[in-house]
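> What follows is each chain in one-letter form.
Number of protein chains: 2
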Amino acid sequence: MDDRELLSVICPVLGEEVCNDDCAILPQLKGIMVVSTDMLHETTDFPVGMTDWQIGWMAMAVTISDLSSMGADPRYLTLAIGLDREDRLGDIVQGAQACCQKYNVRYVGGDLDAHTELTLVSTGIGEVDDGKPVRRSGANPGDLIGVTGIHGRAIAGLQGDRKYWKDLCEPEPRVREGIAIRLAGATSMMDISDGLAISIHDLMKSSGTGCEITGSAIPSLADYPPEEALKMALFGGGDFELLFTIPSGKEGNLPTSSAIIGGVTEKQEILIDGSLLQAEGYQHHW
Amino acid sequence: MDDRELLSVICPVLGEEVCNDDCAILPQLKGIMVVSTDMLHETTDFPVGMTDWQIGWMAMAVTISDLSSMGADPRYLTLAIGLDREDRLGDIVQGAQACCQKYNVRYVGGDLDAHTELTLVSTGIGEVDDGKPVRRSGANPGDLIGVTGIHGRAIAGLQGDRKYWKDLCEPEPRVREGIAIRLAGATSMMDISDGLAISIHDLMKSSGTGCEITGSAIPSLADYPPEEALKMALFGGGDFELLFTIPSGKEGNLPTSSAIIGGVTEKQEILIDGSLLQAEGYQHHW
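In order, the protein sequences belong to chains A and B. Taking the working numbering, the leading residue of the first sequence gets 3, the next gets one more, and so forth. Taking the working numbering, the leading residue of the second sequence gets 3, the next gets one more, and so forth.
Just so you know, these hints were derived from the structure itself, not from any lab. Accuracy of the hints is not assured; some may be wrong.
Pairs involving identical chains hold if they fit within one copy or between any two copies, as the list cannot separate such chains.
[Claimed, not checked] In silico SDA-like pairs for lysine to any residue, Cα to Cα no more than 25 Å straight-line:
no., residue 1, residue 2
1, Lys32, Glu129
2, Lys104, Ala186
3, Lys134, Arg77
4, Lys32, Gly144
5, Lys252, Pro221
6, Lys252, Glu268
Here chain A stands alone, though its shape is the one from the complex (with noise of 0.2 Å):
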């Protein structure tokens, strides 16, 4: 198959509007755009076993969770993939649609390319209706820290527990919540794909503020012995959860599934219980 022949795959699954153009045409949005891209290798992204159809998601999601981190409604979504073997390419369009439509967001386009190895790069524009994209340097000392979710999820799948599998290879972008959270009044946010501990870290850094957690108010995994699941929590990666800062007196205006886990400082020091809170997480190395 060449290129021309390929994309008989991909257009009835995106509609062949789409595949007719050099670019997708979309109308225009309100307030402000956020825009993110995001690169995913099969060796390093994706874990042995996840299918097909979950790096399509996977890929989606990365950057529809970018785009929630400033809470943004994700609106048009771009996939350019790097191909190994063309008869992997139904499922991962498959996939990348079924999380657009999940999240209500449209796969507008892409590109497609013979590659040595599985690389898919995903390009997506948000909407900020008002104008107000949360930003990761607004943290203020006295403001109160929050999570979504529950952390260690992905780390637990990814060292072999069936029960959180899922949770590893089709993560579900806080959409909803990034958007409310932002409505709340949230002066910083960024998600936490890194790792939690690696991403407290950037948030205070950008603010130029430190910070004081609570351990125990992290929610972490309730069938893990609690050091280890804190730890899990902390240090896993790949949970698709959003951190942000709030001023004190707005958290009633919260999710209900986030949590306050401690409380920005002046000093610019990482403490979680006390001690200093190591920068560890998933960073590339070359």
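Assemble chain B onto chain A, guided by the hints.
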């Protein structure tokens, strides 16, 4: 180095503002948005001898060309970089930024990953302020067919003709021309980076029409024998020029760098000088 250290190579080029959030924050556009994404790989897309600076330039130029092919004004670009050697990053980002600056496009962010083969994916957002992007499907029988520029330069460079090496490695997308052709009243348009012959086939197929081309009307290399120059122009690929159709009578408004090379017919046959034109050009094969 890890991801965070490599950012210190990118941030001074793009501006610290760009590096500090999960997404780029962009003001809304007028009219209609068009979006396109392009994936390039070292082994298939970058000729041996091309510099890293030129690779960065090329990665942005391909997407700027896609946006131009709908008559859009390119506004924002992201670049995801799958990097094989960290020392290449600086030149790639500098070349990408130089291309953006030449065309007045903002390079607003991207992603960075380790990869065995250098892989670049740019995604661009363009603006069509009157809300009427030029599509592939609008050609009508009786329209004239036109092209911008001189064809065959990239293949000449690839074949070792040093005079055309820069044309191959630093393509100049036709931004002003694309907008001018749209405003002149073009009925269909696309870029011809896969090659002129195959692009003529694609454009006519999208419009459900055929055409008759005059070989001698195609601007080709004057320093090659005419028959060879025509073959290079038709089948070489890599020239980032535009192919378009426009109603007869409106050609007076076209940019001076464009030429009329034939006319659109009702019969779905692609003829050049009375013979069938082969649909050959650059395609990936699996």
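> Each hint needs a verdict: does it hold in this structure or not?
Do the hints match the structure? See the list:
For the identical chains of this complex, Lys32 and Glu129 are neighbours both inside a copy (7 Å) and across copies (15 Å), given an alpha-carbon limit of 25 Å. Taking the closest pair of Cα atoms, Lys104 and Ala186 come within 25 Å of each other only inside a single copy of the chain (24 Å); across copies the shortest separation is 42 Å, beyond that limit. Taking the shortest alpha-carbon separations for Lys134 and Arg77, both the intra-copy value of 16 Å and the inter-copy value of 21 Å come in at or below 25 Å. Proximity of Lys32 and Gly144 under a CA criterion of 25 Å is satisfied in neither setting, with 33 Å inside one chain copy and 40 Å between copies.
In this assembly of identical chains, the alpha carbons of Lys252 and Pro221 lie at most 25 Å apart only when taken from the same copy (20 Å versus 67 Å across copies). Proximity of Lys252 and Glu268 under a CA criterion of 25 Å is satisfied intra-copy only: 20 Å inside one chain copy versus 66 Å between copies.
In summary, the one numbered hint that this structure violates is 4.
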